[in-house]
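> Sequence:
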Amino acid sequence: MSFGDPNQNPNNPYGQQPPQGQPGYGYPQQAPQGVPPQQGQPGYGYPQQPGVPPQGQPAYGYPQQQPGTLQANNGYINIPALGTVQVATMGRRLGARAIDGVVIGVLYGILSAIGLAGALGIAESTDDCGTYMDPGYQDCVNEASAGIIATMLGMILIFALITLLYEWLMIAFLGATVGKMAVGLRVVKENTGQNPGIGGGFIRYIIPIVGVFLCYIGALLVYLSPFFDNSGKLQGWHDRAAGTLVIKK
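Using the UniProt record's numbering, the first residue of the sequence shown is number 1, and each one after it goes up by one.
Source of the hints: derived by calculation from the structure; they are not laboratory data. Please read all numbers here as calculations on a predicted model, not as lab measurements. Ideal placement from N, C-alpha and C gives every residue a C-beta, glycine not left out. A portion of the hints provided could be inaccurate.
[Said to hold, decoys possible] List of simulated lysine to any residue pairs, SDA-like, C-alpha gap at most 25 Å:
| # | residue 1 | residue 2 |
| --- | --- | --- |
| 1 | Lys-249 | Met-90 |
| 2 | Lys-249 | Asp-229 |
| 3 | Lys-248 | Leu-82 |
| 4 | Lys-249 | Leu-169 |
| 5 | Lys-189 | Ile-99 |
| 6 | Lys-248 | Asn-74 |
| 7 | Lys-249 | Gly-118 |
| 8 | Lys-189 | Leu-214 |
| 9 | Lys-189 | Gly-211 |
| 10 | Lys-249 | Gly-184 |
| 11 | Lys-249 | Gly-218 |
| 12 | Lys-189 | Leu-120 |
| 13 | Lys-189 | Arg-93 |
| 14 | Lys-248 | Phe-213 |
| 15 | Lys-248 | Gly-147 |
| 16 | Lys-189 | Leu-221 |
| 17 | Lys-249 | Val-178 |
| 18 | Lys-248 | Val-85 |
| 19 | Lys-248 | Ile-206 |
| 20 | Lys-249 | Ile-99 |
| 21 | Lys-248 | Asn-191 |
| 22 | Lys-249 | Phe-227 |
| 23 | Lys-249 | Tyr-166 |
| 24 | Lys-249 | Gly-211 |
| 25 | Lys-248 | Gly-115 |
| 26 | Lys-249 | Ala-81 |
| 27 | Lys-189 | Pro-80 |
| 28 | Lys-249 | Asp-134 |
| 29 | Lys-189 | Arg-240 |
| 30 | Lys-189 | Ile-207 |
| 31 | Lys-249 | Arg-93 |
[To be verified] Cβ-Cβ distance ranges computed for the label pairs, FRET-style:
| # | residue 1 | residue 2 | range |
| --- | --- | --- | --- |
| 32 | Asn-142 | Ile-206 | 31 to 41 Å |
| 33 | Glu-143 | Arg-97 | 21 to 31 Å |
| 34 | Val-210 | Gly-83 | 51 to 61 Å |
Construct the complete structure from the given sequences, taking the supplied hints into account.
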């Protein structure tokens, strides 16, 4: 009594042949001769090209894109040491600039009051010069005028120094001014994720200041230049020169 052909395929115990044109279960599949496999699917019997991952699939074991992309994606960017962070919107940046303007304006107001009081004191001192007929009257008035001019020039220099220290050093060492802290923004180096430092902070500060000498139009264009950046990073001209980015904390 025979229980079956010993040479029979165990996966097809009944010895049935698969219908023509349909896959047979348990039988190895082969691509028709001369017909390449469909795109995106491995071809049985076709050697795979070494070193190239399948199309549309992640490349396991292949080098991935490194941090510090050249273009932001939907307002986010990958920065070394920080990972994926959100690029600061122009609304927040303009809000930070407005707050900084108020802070510096208060400081200017205090210093202006001090300087004006000093100038008025010098002007009142001319009462002791006598009349224009008195000897030395003109010299006394000239000295008082020189004192007033020196006071005003000194106040201008102090204003410039305050702005320099405020914008430059706070960005250099803290990565943010008072306004940026208030709205949750930070300035970082694009290639390291660290604070800009002395050099980066100074470059970022001085470029708008140079624009001030062009009737403030140059400075205005610098502050509006992030609108012209098509990389999605909203980098202004001063940011590009300093290699910095403004991000949300």
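> So, for every hint listed, does it hold in this structure?
The hints, checked one at a time:
no., hint, in the structure
1, Lys-249 / Met-90, "holds, 15 Å"
2, Lys-249 / Asp-229, "holds, 21 Å"
3, Lys-248 / Leu-82, "holds, 11 Å"
4, Lys-249 / Leu-169, "holds, 19 Å"
5, Lys-189 / Ile-99, "holds, 23 Å"
6, Lys-248 / Asn-74, "holds, 14 Å"
7, Lys-249 / Gly-118, "violated, 44 Å"
8, Lys-189 / Leu-214, "violated, 28 Å"
9, Lys-189 / Gly-211, "holds, 23 Å"
10, Lys-249 / Gly-184, "holds, 6 Å"
11, Lys-249 / Gly-218, "violated, 29 Å"
12, Lys-189 / Leu-120, "violated, 47 Å"
13, Lys-189 / Arg-93, "holds, 17 Å"
14, Lys-248 / Phe-213, "violated, 31 Å"
15, Lys-248 / Gly-147, "violated, 48 Å"
16, Lys-189 / Leu-221, "holds, 22 Å"
17, Lys-249 / Val-178, "holds, 14 Å"
18, Lys-248 / Val-85, "holds, 7 Å"
19, Lys-248 / Ile-206, "holds, 23 Å"
20, Lys-249 / Ile-99, "holds, 18 Å"
21, Lys-248 / Asn-191, "holds, 17 Å"
22, Lys-249 / Phe-227, "holds, 21 Å"
23, Lys-249 / Tyr-166, "holds, 20 Å"
24, Lys-249 / Gly-211, "violated, 29 Å"
25, Lys-248 / Gly-115, "violated, 39 Å"
26, Lys-249 / Ala-81, "holds, 14 Å"
27, Lys-189 / Pro-80, "holds, 10 Å"
28, Lys-249 / Asp-134, "violated, 68 Å"
29, Lys-189 / Arg-240, "holds, 10 Å"
30, Lys-189 / Ile-207, "holds, 17 Å"
31, Lys-249 / Arg-93, "holds, 13 Å"
32, Asn-142 / Ile-206: 31 to 41 Å, "holds, 37 Å"
33, Glu-143 / Arg-97: 21 to 31 Å, "violated, 42 Å"
34, Val-210 / Gly-83: 51 to 61 Å, "violated, 35 Å"
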